[in-house]
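Order-wise, the sequence lines are chains A and B. Quick note on numbering: numbering that gives the first Met the number 0 labels position 217 of the first sequence as 216, and the sequence is numbered without any gaps. Quick note on numbering: numbering that gives the first Met the number 0 labels position 56 of the second sequence as 55, and the sequence is numbered without any gaps.
Rather than coming from a laboratory, the hints here were simulated on the basis of the structure. Computed from a predicted model, the values in this text were never measured in an experiment. Treat each hint with caution, since some may be false.
To be verified - Subject to a maximum C-alpha distance of 20 angstroms in a straight line, what follows is the list of computed SDA-like cross-link-like pairs (lysine to any residue): (1) B:Lys4 to A:Asp41; (2) B:Lys4 to A:Leu266; (3) B:Lys4 to A:Arg31; (4) B:Lys4 to A:Glu166; (5) B:Lys4 to A:Ser29.
Unchecked claim - Here are some chain A residues the structure puts well away from chain B; computed CB gaps all over 12 angstroms: (6) Arg10; (7) Gly210; (8) Asp215; (9) Arg249.
Every residue, glycine too, gets a C-beta built ideally from N, C-alpha and C.
The chain contents come next:
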Amino acid sequence: MTQSYYEASARERLAAVLDPSSFQEILPPSARVMSPHLRQLDTPAAFDDGIIVGEGRLDGQPVLAAAQEGGFMGGAVGEVHGAKLVGLLERALDTRPTAVLLLVESGGVRLHEANAGLIAVSEVMRAVLAVRGAGIPVIVLDGGQFGCFGGMGIVARLCDTVIISEEGRLGLSGPEVIETTCGVEEFDSRDRALVWRTVGGKHRTLLGEAGELVADATAAFRAAAIRALALTPDLSLEALEREHAALGQRIERFGECHDAVDIWRALGVEDPERLPLLEAADFNTVTAGKRA
Amino acid sequence: METLKFEYRGGRPCNPAQASALAGVVGSGNLEILVEQEPLNGACAVEVVTAAVGFGAIWQAVLDDFFARHPLADVRISINDVGATPAVVSLRLDQAVNAFLGGTA
Numbered sequence: 000m001t002q003s004y005y006e007a008s009a010r011e012r013l014a015a016v017l018d019p020s021s022f023q024e025i026l027p028p029s030a031r032v033m034s035p036h037l038r039q040l041d042t043p044a045a046f047d048d049g050i051i052v053g054e055g056r057l058d059g060q061p062v063l064a065a066a067q068e069g070g071f072m073g074g075a076v077g078e079v080h081g082a083k084l085v086g087l088l089e090r091a092l093d094t095r096p097t098a099v100l101l102l103v104e105s106g107g108v109r110l111h112e113a114n115a116g117l118i119a120v121s122e123v124m125r126a127v128l129a130v131r132g133a134g135i136p137v138i139v140l141d142g143g144q145f146g147c148f149g150g151m152g153i154v155a156r157l158c159d160t161v162i163i164s165e166e167g168r169l170g171l172s173g174p175e176v177i178e179t180t181c182g183v184e185e186f187d188s189r190d191r192a193l194v195w196r197t198v199g200g201k202h203r204t205l206l207g208e209a210g211e212l213v214a215d216a217t218a219a220f221r222a223a224a225i226r227a228l229a230l231t232p233d234l235s236l237e238a239l240e241r242e243h244a245a246l247g248q249r250i251e252r253f254g255e256c257h258d259a260v261d262i263w264r265a266l267g268v269e270d271p272e273r274l275p276l277l278e279a280a281d282f283n284t285v286t287a288g289k290r291a
Numbered sequence: 000m001e002t003l004k005f006e007y008r009g010g011r012p013c014n015p016a017q018a019s020a021l022a023g024v025v026g027s028g029n030l031e032i033l034v035e036q037e038p039l040n041g042a043c044a045v046e047v048v049t050a051a052v053g054f055g056a057i058w059q060a061v062l063d064d065f066f067a068r069h070p071l072a073d074v075r076i077s078i079n080d081v082g083a084t085p086a087v088v089s090l091r092l093d094q095a096v097n098a099f100l101g102g103t104a
């Protein structure tokens, strides 16, 4: 039976994505490195502060890996949570693994410890860029129930590639935040079809923000992560300027579009209305060569 | 928030497959349970940190049942709870102990 990535816990995802029994956790729950803030706020804390970090193997290659647990405060980044992620990334500069895998699932900064969380996220961003600059790819896997938003949405886009399922979502402000600030006419966060086709994995892949769309299965994420180990990212200034130019053209190309479907049509996808119904493999066939 | 402590005696020494095991997640209606081997003069010590205040008697009953099923000695059980129901607590306790002793979680 295939194991759903969406339904799995962070620990189950790590066990399924990495080589069997290869994962060695750093600061495991028994170390009790917990948030100092939540207890003061009379709020339940987790032994691992909602993130698992450690080292293991992927297809025999040494990798570092982190997994955020959405079930604990929506995977939100607090001070300890962020420090564990930064520490893992900095460890990569010393141990030089083949890649760093980030199994993200996060609503962004943990509001209970907002200032510490914001600083932590900025430190994560800096650390991601340092690891990439050292020639070690940072690979994001996004397929959890809470998606990847806020500061972690930015972190994901700073990495070398994002592997995503349709259920995985990626963005800055989440649907509820947009509705609250701009009104239901702007974005109806209860319209699940609208939410998925706007922030879901298929749209993110077509816009070029995610590198590969996979089915919601831990085995599919593992296979795509193994493929991503072979990536040789172009970090030259020319490549960066090309990407900036392409991002700048998005508003010209798609500024008149009112819905993701309009963008898919503009990209040359035939019958774009059917895209949300397609399995990942069919979606990838239909949309090959038609990404922004 | 409330912290509850329990201690059970008369358990049997166990031979765990791993020094510690975790089950569950700190989420609404759920809890996480950490089971660790520790020399406690034969005791099984349980500490519950729970968001639901005033349910000490129910915790006592659930943990009495648990200890009757799994009379463990020299084991520390640490729980972070966000209002899990007694059935969920029993399930997670069994999952954690199974993982600890080497069965499947």
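Do the hints match the structure? See the list:
no. : hint               : verdict
1   : B:Lys4 to A:Asp41  : 18 angstroms, holds
2   : B:Lys4 to A:Leu266 : 62 angstroms, violated
3   : B:Lys4 to A:Arg31  : 18 angstroms, holds
4   : B:Lys4 to A:Glu166 : 41 angstroms, violated
5   : B:Lys4 to A:Ser29  : 18 angstroms, holds
6   : Arg10              : 8 angstroms, violated
7   : Gly210             : 29 angstroms, holds
8   : Asp215             : 19 angstroms, holds
9   : Arg249             : 37 angstroms, holds
When held up to the earlier numbered hints, the structure conflicts with 2, 4, 6 and fits the remainder.
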